[in-house]
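Engineer: Once you have looked at the hints, place chain B with the ligands on chain A.
There are 2 protein chains.
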Amino acid sequence: MAAEAEQGFRPLDEASLVAYIKATPALASHLGGAAGLGSIEIKEVGDGNLNFVYIVKSTSGAIIIKQALPYVRCVGDSWPMTRERAYFEASTLREHGRLCPEHTPEVYHFDRAMSLMGMRYIEPPHIILRKGLIAGVEYPLLADHMSDYMAKTLFFTSLIYNNTTDHKQRVAQYCANVEMCRLTEQVVFSDPYRVSKFNRWTSPYLDKDAEAVREDDELKLEVAELKSMFIERAQALIHGDLHTGSIMVTPDSTQVIDPEFGFYGPMGFDIGAFLGNLILAYYSQNGHADQANDRKAYKKWILKTIEESWNLFQKKFVELWNKHKEGNGEAYLPDIYNSSDLLSLAQKKYMTNLFHDSLGFGSAKMIRRIVGIAHVEDLESIKDASKRAECERAALNCAKMLLKGRRQFETIEQVIEHIQSFDRE
Amino acid sequence: MAAEAEQGFRPLDEASLVAYIKATPALASHLGGAAGLGSIEIKEVGDGNLNFVYIVKSTSGAIIIKQALPYVRCVGDSWPMTRERAYFEASTLREHGRLCPEHTPEVYHFDRAMSLMGMRYIEPPHIILRKGLIAGVEYPLLADHMSDYMAKTLFFTSLIYNNTTDHKQRVAQYCANVEMCRLTEQVVFSDPYRVSKFNRWTSPYLDKDAEAVREDDELKLEVAELKSMFIERAQALIHGDLHTGSIMVTPDSTQVIDPEFGFYGPMGFDIGAFLGNLILAYYSQNGHADQANDRKAYKKWILKTIEESWNLFQKKFVELWNKHKEGNGEAYLPDIYNSSDLLSLAQKKYMTNLFHDSLGFGSAKMIRRIVGIAHVEDLESIKDASKRAECERAALNCAKMLLKGRRQFETIEQVIEHIQSFDRE
Ligand SMILES: Nc1ncnc2c1ncn2[C@@H]1O[C@H](COP(=O)(O)OP(=O)(O)O)[C@@H](O)[C@H]1O
Ligand SMILES: Nc1ncnc2c1ncn2[C@@H]1O[C@H](COP(=O)(O)OP(=O)(O)O)[C@@H](O)[C@H]1O
Ligand SMILES: [Mg+2]
Ligand SMILES: [Mg+2]
Ligand SMILES: [Mg+2]
Ligand SMILES: [Mg+2]
Ligand SMILES: [Mg+2]
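First to last, the protein sequences are chains A and B.
Here the UniProt record's numbering is used: the first residue of the first sequence is 1, the next is one more, and so on.
Here the UniProt record's numbering is used: the first residue of the second sequence is 1, the next is one more, and so on.
Isolated chain A, as found in the complex:
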């Protein structure tokens, strides 16, 4: 980072934030300008692990301010982390917003020196999807919306749509978000497969299971391939952290936030993150079932959502491909893939590979949430440790076999069956 940027930086608190907003028309204008700024209210709501997030309200509006500090928030300054992540978050949010405004909050302002972004306030009753999944709330449009978001952001940043010159220029730009990539490499693809002081699991119940992960040679061979693909393969501008904690929902609306891990990577990493976290939500339901609600209907809804998310994604992605097949995309030139039969074979091959990548990455994300550093609230909130361990073991076994055997799956329906087969109610 330029020395200049270092110099311009100061962490804001609630008082200095007000002054900052007053001095920044792009922010002040969303709060009613000078008039509205009299009665400003600020609330810090960052429940994430990394950054500070403020809701700023005036009588005539509300905005979100997010600032990155040069360390991991939940750990403190003993774990330094580049503030440049804010730049990549704002860039990815703007690009994804351009491609899919329906499901991406607008960025009002970005200050690189301050690692500070102002964006649209995603107002209540929006909540974080993960919370809704824990509460057992159905979101009938979730699969439709997320398949839309994934199809558009991934298709339009891929070589099926773009020429190589534009693609490589953007790839180069996002190579600089390497610190965030390295964090993923460590926590998703490395630590769960070795002894690491960061790892934890529901002990003593899962001691043997965690050890088995570290000693599963076949699993580790497959994970090596996924890890290399994650680093080497610049397939599309991915969100990079598309779990259910990065999605805010109501029954009518779905908004994707927090793409600070954004870079040009394999599409399957995003799709897998979303599906894998839904599968974790599924396995956590047995732990949330009670007299009043056995969660059986809800589990069915989750499975249906997994199924529809993939099937709709596939459908929409291929529709975009067909719509733009005469465009500037370098990967499938229209005078080579020149019959609808051939194009549809090419699409089938592409989608099958993407399906297998997604299952691989999704499983890796599940495994790391059970035996790695950062767990998910879906499972963590199950108070009874033995019950939690049972849910986690089912999820872990499902994921291990899915990762190793992913190339044997042809349809998402087969995956659904696989998921159910590990669920001992």
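Calculated directly from the structure, the hints in this document are not laboratory data.
There's no promise every hint is true.
No copy labels: a pair is met if it fits in one copy or bridges any two.
[What the hints assert, rightly or not] Once the Cα atoms are required to be at most 25 Å apart in a straight line, the calculated PhoX-like pairs of lysine-lysine come out as:
| no. | residue 1 | residue 2 |
| --- | --- | --- |
| 1 | Lys325 | Lys197 |
| 2 | Lys404 | Lys349 |
| 3 | Lys348 | Lys404 |
| 4 | Lys383 | Lys300 |
| 5 | Lys323 | Lys197 |
| 6 | Lys57 | Lys197 |
| 7 | Lys316 | Lys348 |
| 8 | Lys208 | Lys197 |
| 9 | Lys131 | Lys349 |
| 10 | Lys131 | Lys304 |
| 11 | Lys43 | Lys300 |
| 12 | Lys208 | Lys387 |
| 13 | Lys316 | Lys349 |
Structural biologist: Below, chain B with the ligands without anything else, positioned relative to chain A:
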């Protein structure tokens, strides 16, 4: 390119070259300084398609000067091409020279504004390998040397040896060599599979064969995967144009020149280029056979060289891996791949994938030399068109099946058998 660089540029001729050298100590010093520069002799020897190459000799030394003009030399200024290729050539040559000085000429001087490089003169009796292959000369150390070059340059620029931060920084730098990549995309992965005014073949003999390539759906599906891999996968700093015209040899020495297509791409593209061009040399031999020399022994030597090149490459690459397994490479961390059994399984998997990639890319390079824009002298120099077509058809059929069936091959010996099976003497 910076306007500054544009301004500093002028194409040199023999006269202005002398003045340039006199003003450039890094060049003059190799020619004996002021004393030696009295009796300078200059000869333009560029037999390549793209650039101008001068041998500059004084009484006390000789150097090579290579300059890129902003167009394709063999076509003229109707086909513009960035002079920045010279920068990537010098960068790749320096990096490969650092990693494998035995087989890479030293760069004495690089002037980015002038797109001009001074380098070691690879003196006679070195000749271009392709010429030696046409003449039927055996190079007993070729496989040893080329496996050395490929193992070192590819291993040491991969994630098996490097950390992700260094890797991505270099990937980003080489993304800017995109014009050269696009040329490869067009001539290797696109034009042969569509009607293009640039394509040519030995007509009318191969008219049906060229058409069959354009109508082979299975082939085109596989080529799409290779093309995407070529663009998306930043596996190592590859030479990018490693055919037998980019290699200068004597029976004792092997020197790799001309990496102006260098970028972070799939390793198999380099290995395939070398092997694929040896296979083309093999199929051309029937066209060079005469009363005096039936070329049968020579063909055996080529096959042995193909076999040894891969087997030695594999051996050396894995040796480097074992030697550096405790290093900083991100891809296979020692505390995960922590037993020699597991590491050796991982290596086996990696090398098998690399083998298949190499066969795929090698075949694609063969195909384009027969039905695409730029042919190889090995075949072009066969005067009798019907005889040439026969050699070409055998090579083409071999390549098509190798490309489509590459994943069925487990050893290079099986590939050798496959090559021989298409050779009707
Ligand atoms: N645009 C927004 N509108 C409303 N709430 C938001 C918005 N962005 C973030 N939040 C809230 O702040 C929390 C943390 O934001 P997030 O971007 O996930 O930060 P982190 O990078 O630290 O994980 C979210 O879980 C959400 O509750
Ligand atoms: N370092 C060198 N020493 C001796 N001859 C060289 C050297 N570099 C290039 N040449 C000669 O010049 C020719 C063209 O060089 P090359 O780098 O392949 O140019 P191009 O990029 O135009 O293909 C080579 O085939 C070789 O004969
Ligand atoms: Mg978050
Ligand atoms: Mg975040
Ligand atoms: Mg050349
Ligand atoms: Mg040697
Ligand atoms: Mg060249």
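Engineer: Checking against the hints above, which ones are violated?
Structural biologist: 5, 6, 9, 11
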